[in-house]
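For reference, the chains in residue letters:
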Amino acid sequence: MTKFHMNRRGILKGAGAGLVTLATPHFFTKGAWAQDFCNNPTGGTVTFGLNLPLTGTYAEEGADELKAYELAIKHLNGEGDGGLLNVLKPSALKGNGILGKKVEFVTSDSQTLSDVARAGATRMIERDNAIMITGGSSSGEAIAVQSLCQEMGIIFMAGLTHSNDTTGKDKRRYGFRHFFNAYQSGIAIAPVIGEAYGNDRRAYHLTADYTWGWTQEESIKAATEALGWETVAAVRTPLGAGDYSQFLTPVLNSGADVLILNHYGNDMVNSLTQAVQFGMRDRQANGKQFEIVVPLFSELMAKGAGENIKGIFGTSNWHWALEDEGSQAFTKSFGAAYGSPPSQAAHTAYVQALLYADAVERAGTFYPPEVIKALEGFEFDGMGNGPTLYRAEDHQCMKSVLVVRGNENPTSQFDVLDVVQEVSRETTTYDPSIFGGELGSAEPVPQCT
Amino acid sequence: MTSSMSRNDIILFAGFAAVVLLLPILATPFGAAYPDLLQRFMIFGIFAIGFNILFGLTGYLSFGHAAFFGVGSYAAMWSFKLLSLNAVPALLFALIVSGIFALAIGYVSLRRSGIYFSILTLAFAQMCYNLAYSVLTPITNGETGLRMAMSDPRYLDRMFFDAAPGMPVPSLFGMSLGGWNGFYFSAFFLLATFFLAMRISNSPFGLMLKGIKSNQNRMNYTGFNTRPYTLSAFVISGMLAGLAGALLVVTDPLAGAERMRWTASGEVVLMTILGGVGTLVGPVLGAWIIKYFENIFSSFNANVLNSFYSFLPDGVREVAVTISSKFVGEGWHLSLGLVFVLIVVFLPGGIMEGARRIAAWFGRMGNGSKRASEARAQPAE
Amino acid sequence: MFEVIFLQFLNGLDKGSAYALIALGLTIVFGTLGVVNFAHGALFMLGCFCAVAFRRLLTLETVTIDPEKLSPWGQPLQVREPLVQAWFGDFGAILVNYSVPLSLLLTVPVMLLVGVAMERGLIKFFYKRPHAEQILVTFGLAIVIGELVKAFFGPNPHPQPMPTDLRGAADIGAWLGMRAGVITYPLWRLIYFLFAVSIIGAVFAFLQFTTFGMVVRAGMADRETVGILGIDIDRRFTIMFGIAAVVAGMAGVMYTPLLPPNYTLGMDFLVISFVVVVVGGMGSLPGAVTAGFLLGILQSFASMTQVKAIFPGIDQIIIYLVAVVILLVRPRGLMGRRGVMEA
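As they're listed, the protein sequences go chains A, B and C. If you use my numbering, the first sequence corresponds to residues 55 to 503, in order. If you use my numbering, the second sequence corresponds to residues 93 to 473, in order. If you use my numbering, the third sequence corresponds to residues 178 to 520, in order.
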C-alpha cells in the first residue's frame, strides 16, 4: 500500500480543489508552470536573500555581514576592485554576474530569533524570488533556516554558526557551512593552552545553557581532559543573564585554576568582564596563576570586552591580519570600501557568496541539485584559510583554524587580536560520522510558490 | 447561546470572511501577498482574538499568553512526531494540552486580580520559557527548536501507510499544507474563531464577562461566583492561543522556545490595543499591522529607500534616505513604538475607534454638505 | 563552606542593590502619582547612557590623517589625540579615569529634566485613565526611548571602565582577620552596595525629615485633603517623579562598569523590577527595598551547584517562583496595602 501523496500542484490540477482551498484563483500560481524549479531566474537578474540580524544581540555581526555581502555582490557584478575574484583558485567566475545575470539582493532582519529568521527567509523566497538564502549569526537561526530551505528547495549558505549540530545531527542537503565549529575549536585550542598553562590544570566551565553551549562544553572538556586536565565543575548559566556574579563567586573557592567561558556574544563580554573584576586574573590557585580561556570569540566581542580580553586565548575562523594573498586582498578591498578591517563574520559571508556563485558557474545552471553537486567535495584555495575542502559528507568546510589571543598592545581599535597559531586542516579534520545526522534528498520538493 | 445571529452580525461576518478570503488579491498592492505572511496574518489573528476574549471581555490583562502559544506549538509538533503527519490530530492534541495548561495557570492566577494577575501570568510564562530553553531540552530541543525528522516513529501513520520518501511535511489527509493551502487552512480557523468570538460576545456568558469587567465587586455582592466565568474565558482564550501556536507549526514545522518569551506575550497585547480592545475586528487588524511592520517594514533597506526617493535630487535624497532609514529597516521598532504611543494617547479604542470617528465625521460632513447645498439651493427658489 | 555561603550572601546583597534601587524609584512614582510606569527600566538605561555620553565628551579626539603611513587595510593612518589630555594634561587623564562616578554630576540634572518632562509631557494625561492604559503607554514609551538610544549609540554595548584604583577584588577575609585570599569580592560591587544603601537612606530621610517630604507623604495618604489645604501637591509630585528618575539614572550610572549598557538594558530590567515591586507590595517603599534584597539573595543561592543538583533549573525560575508563592500566600505582597491596584 503506498501513501496517498499529492502536492499542491497536483491538487490544483485535479478537480478536487475544494475542501480547504475553497476557490484558489489560478492566477496566484502564475509562473508556477513556467519554472521547473523554485525561483528559477528567467530575467536578466538573479536575487540573493540576505537573512541578517540587524537588531538584537548580534546586530553588529549582522551589520558587518551585510557590508561583506554588498561588497561580494559588487565584485560578482564586475564593479569595484574585484576582491577575491582574482585569487580564488580554481575559479569559474567572470565578473559579469552569475551566468551573465546581474546579481541583486533583498534583506531581512532576523532579530537573532529563529521564528523571525524563518519568516524572513520565507518572504524572500516566496515574494522576492530569492534563488539562495545566506547569512545569520547564531546556530539556532542557521539550523532553523537550513531546514526550511531544505523543505523549499532553496540553497542555504550559512553565515556565522559555530554549533556542531549545523553540519552534524541537523545537517541538510541544501545547507552549506564555511565557518568552523566547536569541535574544531576544541582540537585547535587544546594543545596551545596545554603548552601555555601546563598539563596539570583544574578547569571550571561556565556554559551558556543551550545547545551551542553544551556542544562546545563537551568538545572542550574532551580535548582538555585528553591533555590531562581535570574538570572541577561545569555550571550552566541562563542565556542572556547579564550579571554572572552569582556563578562567578563559587569559582573562587572551588579549587579550580582555569575558568573556561563557553559564552558567546554579549554574554561572553559580560561574563569575562565580570570575571576579571572578581580578580580572577590576579589570583593564584593551587600554586599557579589563575587563567581564563574563552574557546570562541570574535574581534567584535574582543572590542566589547576591551582591556579584559588582553592575553586571553580563543579560536577564530579567520583574521584580517593573516599574511596570505586572499586575506590581504579581502582586507584591502573591505577597508577601502568601509574604512575598517573586516570581521570573521564578514569574511565568511563574503566567501559564501562567492562560492555559491562559482558553483553555479561551474554547474552551468541555477538548478539546485546541480549546484549542490558542484559544491560537494569542492576543493579550492585563495580564500584566506589555505586549501579548503567543502566536504560532501556533511557540507562542512575543512580548512585551517586560528588560535588567537587578546592583543596586549593594540596599535589601533581594530588591532585587538593576535594570531598565535594557524592550526592546519589535517589536524582539525574529523570523522563526519561522529555527529550522525542525515543530509536528505537533493531533489527539490515542489512546495515553492 | 441560543439566540440567533442578528442581521448586522451576519453582514459583519460575511464582510470579514470576504476580506480574509480575498486577502491574496487585496494585499498585493502592499507587497504582502505571499503565503507565509498571510498565514501569519491568520495565525496571529486567531491569537489576538483569543487574547481579546480574556482581556477585552473580562478586563484581565494577561502578560503570559505566549506560554499557551508555545505549548500548542510543542504539542502539535509532538503529535507530528509520534502520531501522524495529519494536521487534525495535531490540532486536537494542541487544544487539549494548551487547555490543560490554561486551566492550571488560570486556576492559580485568577485568585488575584489587577496587576497581581498580570504578574502571576507573566511569572508562569517566564518559567515555561526559561525551562523550555534549558532543562526541558529533551522535550523542546532548546534553542535549536523542535523539528520533524525522517526517523520519527509516527505510529498512527505507520499502521496504515509506508513512510513516504523525502522530508516529512504536515498534511491534511494527504494534501500538503505548505504555501496557499496552508493559508486557506488557517483562514478557515480564523473565520471559525471569529465566529466563536462573535457568538460569545453576544451570549449571556459574554454579557456576564462584561459585567465582571465593569464591576466585579457588585457581581460578587449579588451572590454570584464570578470565578467559573473568568476561568472559562481564560481557558478558551488559552486554547485559542494553543490553536494558533499549533497552526504555526502546521504551516511552518518548527517549534522554538522564543515564542514563549514575555516579549511575545507583550506583542499580542500590542496587537489587541492597536486594533481596538473589546472589538471583534480590532485585534485581527492589530495583528496584521504588527506582522506587516515586522516582515515588510523591516525589509526596506537603503537600496529600497534610494529607489523610492529616486525622484529627488542627490543631496536631498541622501538626507531623506538617512532620516527614513531610522524608521524602517532595522529601525522599524521605533515606528511601531511611536504609532503605539500615539494610539494609546489619542485613540484608546485603537484603530477601530479611529475608524468610527472618521465614519462619524464623514457622516457629519455628508449631512453638512447636504444641508449646505440645500442652503445654497434656497435662494434660487 | 562558610566562606562559600558568605560570598554568596554578599553577592545576593550586591545583586539586590540594583533591584532595590530600581524598585524604589518605581514605587515612588506609583505611591505619589498612582501611575504604573513601565518606562522605568528605560530611565535606568538612560542613566547608563549618561555615563556613556559623558565619557564620550571627555574622550573627544582630534583626528588627523597621516598620509605617509598606511593602515594594514591600505587606508591613510589616522592619528588620534584626546582633547582633554591635550588641554589639562594629567588632570585630564584623572578626569577620564574617574569618568563613571563623575558622570553622576551630569546625570542628576539630566535625569531630573527627563523625569519632569516625561511627567508633564505624557504621564500627567494618564492619571485618570485605567492602570492598563498607563502600563501600555509607558510600555510604548519604553520602546521608543530604547529605539532612540539605538539610533544614536548603535545596538552594541558600550563598556565603561571603572577607575583603575577601584579595579580588582578586595580581600574582605583579611579585613576580618581571616586567612588572606579566602573571601575576596570585587571592590566596585562593594561600592555599589554602599552606594545603593546611601541612596535608599537619603530618599527615606528626605521623605521623613524634610517639610517637602512630609507634604508628599501626606499627599500620598490623602491627596484631596492636602489639596484643600491650599498646597500645590501636583508640583511636588512632579518633582517626586523627577527624583525617581534621578534615582534610576544614578543606579544606572554606577552599574555601567558591571554591565556594559546597550539599548535593551531597560527592557531586561523591566520584568524583574516589576516582580520585585509586586513582591514587596505595590506602593510600599520599605517593601520594595526588602523585596529587592531578598530576591537578589535568593537568586544568588539558587545558582549554586549544590542547590541546582537538587532542583535542576531552579536558578532560571527562582524569582518567578518566589513571586508566585508570595502573591498566593500574601496577596498584596510583603508590605502592600489592601485594595491597591486590584482593578
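Hints are computed from structural coordinates only; laboratory data are not their basis. All C-beta atoms, glycine included, are put in the ideal place defined by N, C-alpha and C. Please note that the accuracy of each hint is not assured.
[Said to hold, decoys possible] To give an idea of the interface, some chain B residues facing chain A are shown, with a C-beta separation under 10 Å as derived from the structure:
no. : residue
1   : P121
2   : Y225
3   : T229
4   : A241
5   : D244
6   : P245
7   : L248
8   : K383
9   : A412
10  : S416
11  : K418
12  : E422
Legend entry - Hint numbers contradicted by this structure: 1, 5, 6, 7, 9, 10 and 11
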